[in-house]
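Student: One letter stands for each residue in the lines below.
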Amino acid sequence: MDNYGPYDPSVDYSPGPATREVGPEGDKIKPWKPLHMSRRNFLRGVVCSGTVIASAGFLFSTTSAARADARAVERMITLTVNGKTHRLDVPPNETLATTIRYRLGLTGTKIGCNQAECGACTVMSGGTTIYSCSTLTHRVRDSEIVTVEGIASPDGTLHPVQQAFIDELGPQCGFCTPGQVVAAVALLNKTPKPTVEQARMAMSGNLCRCGAYDHYLRGVMKAAEKV
Amino acid sequence: MTDVMHNFELYQPASLADAQELLGDHDDAWIIAGGKDSLDWFKHRVKQPSVLVDIAAIPELHGIREEADGGLYIGAMTTLTEVAESDLVNARFPALAMAASKVASPQIRNAGTLGGNVAQDTRCTYYRDGFPCYRAGGNTCYANTPTAMNREHTLFEASRCVAVTPSDTGVALAALGATFHIQGRRRDREVSADEFFIGPDVDIERMTSLEHRDILLGIRVPGTWAGAHQYFEKVADRNAWDFALVNIAMAARMEGGAIAEVSMVCGAVQCTPRRLTDVESLIVGETPGEELETLVKRVASSGAKPLNYNHFKIPLMENLAARAVRSLV
Numbered sequence: 046m047d048n049y050g051p052y053d054p055s056v057d058y059s060p061g062p063a064t065r066e067v068g069p070e071g072d073k074i075k076p077w078k079p080l081h082m083s084r085r086n087f088l089r090g091v092v093c094s095g096t097v098i099a100s101a102g103f104l105f106s107t108t109s110a111a112r113a114d115a116r117a118v119e120r121m122i123t124l125t126v127n128g129k130t131h132r133l134d135v136p137p138n139e140t141l142a143t144t145i146r147y148r149l150g151l152t153g154t155k156i157g158c159n160q161a162e163c164g165a166c167t168v169m170s171g172g173t174t175i176y177s178c179s180t181l182t183h184r185v186r187d188s189e190i191v192t193v194e195g196i197a198s199p200d201g202t203l204h205p206v207q208q209a210f211i212d213e214l215g216p217q218c219g220f221c222t223p224g225q226v227v228a229a230v231a232l233l234n235k236t237p238k239p240t241v242e243q244a245r246m247a248m249s250g251n252l253c254r255c256g257a258y259d260h261y262l263r264g265v266m267k268a269a270e271k272v
Numbered sequence: 008m009t010d011v012m013h014n015f016e017l018y019q020p021a022s023l024a025d026a027q028e029l030l031g032d033h034d035d036a037w038i039i040a041g042g043k044d045s046l047d048w049f050k051h052r053v054k055q056p057s058v059l060v061d062i063a064a065i066p067e068l069h070g071i072r073e074e075a076d077g078g079l080y081i082g083a084m085t086t087l088t089e090v091a092e093s094d095l096v097n098a099r100f101p102a103l104a105m106a107a108s109k110v111a112s113p114q115i116r117n118a119g120t121l122g123g124n125v126a127q128d129t130r131c132t133y134y135r136d137g138f139p140c141y142r143a144g145g146n147t148c149y150a151n152t153p154t155a156m157n158r159e160h161t162l163f164e165a166s167r168c169v170a171v172t173p174s175d176t177g178v179a180l181a182a183l184g185a186t187f188h189i190q191g192r193r194r195d196r197e198v199s200a201d202e203f204f205i206g207p208d209v210d211i212e213r214m215t216s217l218e219h220r221d222i223l224l225g226i227r228v229p230g231t232w233a234g235a236h237q238y239f240e241k242v243a244d245r246n247a248w249d250f251a252l253v254n255i256a257m258a259a260r261m262e263g264g265a266i267a268e269v270s271m272v273c274g275a276v277q278c279t280p281r282r283l284t285d286v287e288s289l290i291v292g293e294t295p296g297e298e299l300e301t302l303v304k305r306v307a308s309s310g311a312k313p314l315n316y317n318h319f320k321i322p323l324m325e326n327l328a329a330r331a332v333r334s335l336v
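So the protein sequences, as listed, match chains E and X.
Following the working numbering, the residues of the first sequence are numbered contiguously, the last one being 272.
Following the working numbering, the residues of the second sequence are numbered contiguously, the last one being 336.
There may be inaccurate statements among the hints.
Unchecked claim - Computed Cβ-Cβ distance ranges for the label pairs, DEER-style:
{"no.": "1", "chain 1": "X", "residue 1": "Asp-244", "chain 2": "E", "residue 2": "Thr-123", "range": "48 to 58 Å"}
{"no.": "2", "chain 1": "E", "residue 1": "Gly-128", "chain 2": "X", "residue 2": "Gly-145", "range": "23 to 33 Å"}
{"no.": "3", "chain 1": "X", "residue 1": "Ser-199", "chain 2": "E", "residue 2": "Glu-189", "range": "20 to 30 Å"}
Claimed, not checked - Calculated cross-link-like contacts (lysine to aspartate or glutamate; reagent style EDC-like; alpha-carbon spacing at most 16 Å):
{"no.": "4", "chain 1": "E", "residue 1": "Lys-267", "chain 2": "E", "residue 2": "Asp-212"}
{"no.": "5", "chain 1": "X", "residue 1": "Lys-54", "chain 2": "X", "residue 2": "Asp-76"}
{"no.": "6", "chain 1": "X", "residue 1": "Lys-54", "chain 2": "X", "residue 2": "Glu-164"}
{"no.": "7", "chain 1": "X", "residue 1": "Lys-54", "chain 2": "X", "residue 2": "Asp-34"}
{"no.": "8", "chain 1": "E", "residue 1": "Lys-235", "chain 2": "X", "residue 2": "Glu-92"}
{"no.": "9", "chain 1": "E", "residue 1": "Lys-235", "chain 2": "X", "residue 2": "Glu-89"}
In case anyone wonders, no lab produced these hints; they're calculated from the structure.
Because the structure is a prediction, the values reported are computed rather than measured.
Built from N, CA and C at the ideal position, the CB exists for glycine as well.
Assemble the whole structure, with the sequences as input and the hints as a guide.
Tutor: Here it is, written out as C-alpha cells:
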C-alpha cells in the first residue's frame with residue numbers, strides 16, 4: 046500500500062512520472078501525486094455518484110411539515126407484491142414504480158417515460174394493468190400487485206407468454222419487455238382466446254422503441270394457444 | 008422531463024362529508040381521482056398543491072345505476088374501462104361506451120375515471136409546459152403568435168386563449184344531453200354540459216364550472232337518447248394514447264327514412280364541446296344520402312377561424328359530420 050506525504054511545494058506535481066530525490070526514508074514516504082484520471086475512471090465515478098444521488102432523491106424525500114394532521118394517510122403501509130406482504134414506510138408522494146424498484150428491489154419493472162405514456166412500468170393491480178409510474182403507492186396499498194417477477198412460476202418455469210416472446214424474438218433492446226409481458230398476461234387471464242384485434246388493443250398501451258410490435262403480437266397469439 | 012413529485016399531504020377520506028371538511032380546511036387542496044393527469048402536473052412541477060384529497064375510497068362515487076326514465080347515473084369515480092365494458096352503457100348509450108374506449112391507452116382507462124376525463128385540464132403544450140399564459144394567470148397567449156405551433160388548437164370562440172377541450176367522453180355526454188351532478192359547499196346542483204364546460208370568455212383559468220370545494224359526484228345521462236342510433240368517431244395522430252384532433256358524437260332518431268331528431272357535438276375544435284346547431288337544423292326532416300352529406304359539409308364548420316397550423320381541422324370536421332350522417336343510411 047502506498048503512503049503519501051503532505052503537500053511539498055518543491056515538487057513538480059504535473060502528471061507523469063515524478064522525479065524526486067530518494068532520501069534515507071524515501072522508500073516509506075512518497076509525495077502526493079495526482080491520480081491519472083482516465084476517461085474510464087472518470088465515467089465510472091460519475092455514473093456511481095449519479096446513481097447514488099438519483100436514488101437518494103427518490104428514497105429520502107420527506108414530507109415537509111411534521112405531520113400535524115392525524116387525518117392524513119399513515120406512512121407505514123402494508124403492500125402485497127407477488128403474493129408477499131411487505132411492511133413499508135412510504136411517503137405520500139411516492140409512486141408505485143419507485144416503491145417496487147427502490148424499496149423492494151424488484152427492478153424488473155422499468156421506468157421509461159415516468160408519465161403514463163410508454164408502458165414499461167406496467168404492473169397488475171387486482172388483475173387489471175396499470176402504469177405503476179403514475180400511481181401513488183398509497184392508492185393501491187390494499188390491492189394485490191403482480192410485477193413481471195411474479196409471472197413465471199416459483200420453480201423458474203416461464204409463463205407461456207414469456208416463452209412465446211422468446212420464441213418470436215419479441216425483445217430487441219428489452220426495455221419494454223417487462224411491461225409487454227405483464228400486459229399480455231393480464232389480457233390472457235381475462236380473455237384466454239383473444240382475437241388479433243383484441244390483442245392489439247390490449248397491447249396498445251405499451252410502446253416499443255425498437256418497433257417489434259408484430260413480434261410481440263405474434264407472441265401473444267402463440268401464447269394464447271398454450272394457456 | 009419529469010421529476011420526483013413535490014411533498015404533499017395525502018388524505019383518503021371515506022365519506023363525502025370528510026372530503027368536504029378537508030376541502031374547507033385547505034385552500035389549495037387538489038382533488039385526485041384516477042391521478043393520470045394530476046401526477047403529470049406534479050412531476051413537471053407546474054402545479055404544486057400542498058394537500059391532495061384522494062376521493063377513491065368514497066363509495067357513492069363508484070358504479071353505474073339505472074334511472075327510472077331509462078337513463079343511467081354514472082358515478083364520477085367509475086373507471087373508463089368500466090364505462091366502456093358496461094352492458095348497460097353499451098345497450099343504451101353506445102356512443103359513450105365508444106368514447107370511453109377510445110380514451111388514451113388500456114392502462115390509463117383502467118385507472119382513469121369518467122369524472123376525471125370530463126374535468127381534465129386542456130392539453131395546450133405551452134400551458135402544460137408552465138408558460139405564464141392567460142390560462143396560467145399571465146397576460147399573453149403563446150400558442151397564437153405568428154411562429155407558434157398551434158395545429159392542435161381552436162377553430163371557434165377563441166377569447167385570448169386558444170386551447171381546446173381534450174375530453175372524448177365529454178363530447179359524447181354533451182350529445183346525449185347528460186347533466187353533471189356536483190356537490191358544492193352549501194348545496195348540490197346539477198348542470199347541463201353547456202354550463203359545465205366553460206370557455207375562456209367565462210373564466211380563462213378553468214375548463215369547467217367546478218370551483219374550489221366542488222366535488223363532481225356523478226353524471227346523469229337521461230333516457231332521451233337511450234337505444235337511439237348513436238355515432239362516435241375520434242381522429243388523432245396515434246390510435247392509442249393520443250388526444251383527439253377532432254372527435255364527433257351524434258345521437259339521432261329516424262322516422263320513415265327521414266331524420267326526426269338529432270344531436271351532434273364536435274370536440275377539440277373549441278374550448279368546450281361544440282354543438283353543431285347549423286347541421287342539426289339542416290338535417291332534421293331530411294333523408295340521409297350523398298346530397299345531404301354535401302350540404303352538411305358546407306355548414307359544419309361555418310364560422311371557423313383557423314390559426315396558422317390548424318386549417319386541416321376544417322375539412323376534418325366537415326368530413327366527420329358527413330360520416331356521422333352517413334351512418335344513418
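Student: All the hints need checking, so say for each whether the structure fits it.
Tutor: Here is what the structure says about each hint:
Range check, Asp-244 of chain X to Thr-123 of chain E: about 42 Å between beta-carbon atoms, so the 48 to 58 Å window is missed. Range check, Gly-128 of chain E to Gly-145 of chain X: about 51 Å between beta-carbon atoms, so the 23 to 33 Å window is missed. A hinted range of 20 to 30 Å is violated for the C-beta pair Ser-199 of chain X and Glu-189 of chain E, which are about 41 Å apart. For the proposed pair Lys-267 of chain E and Asp-212 of chain E, the alpha carbon gap of about 9 Å is at most 16 Å, so the pair holds.
For the given pair, Lys-54 of chain X sits about 41 Å from Asp-76 of chain X by alpha-carbon distance, which is inconsistent with the 16 Å threshold. For the hint pairing Lys-54 of chain X with Glu-164 of chain X, the CA-to-CA distance comes to about 27 Å; that exceeds 16 Å, so the pair is violated. Distance check on the hinted pair: Lys-54 of chain X and Asp-34 of chain X sit about 14 Å apart at the alpha-carbon level, within 16 Å; holds. Pair hint Lys-235 of chain E plus Glu-92 of chain X holds up; C-alpha atoms about 13 Å apart against a cutoff of 16 Å.
About 14 Å separates the Cα atoms of Lys-235 of chain E and Glu-89 of chain X, which keeps this hinted pair within 16 Å; it holds.
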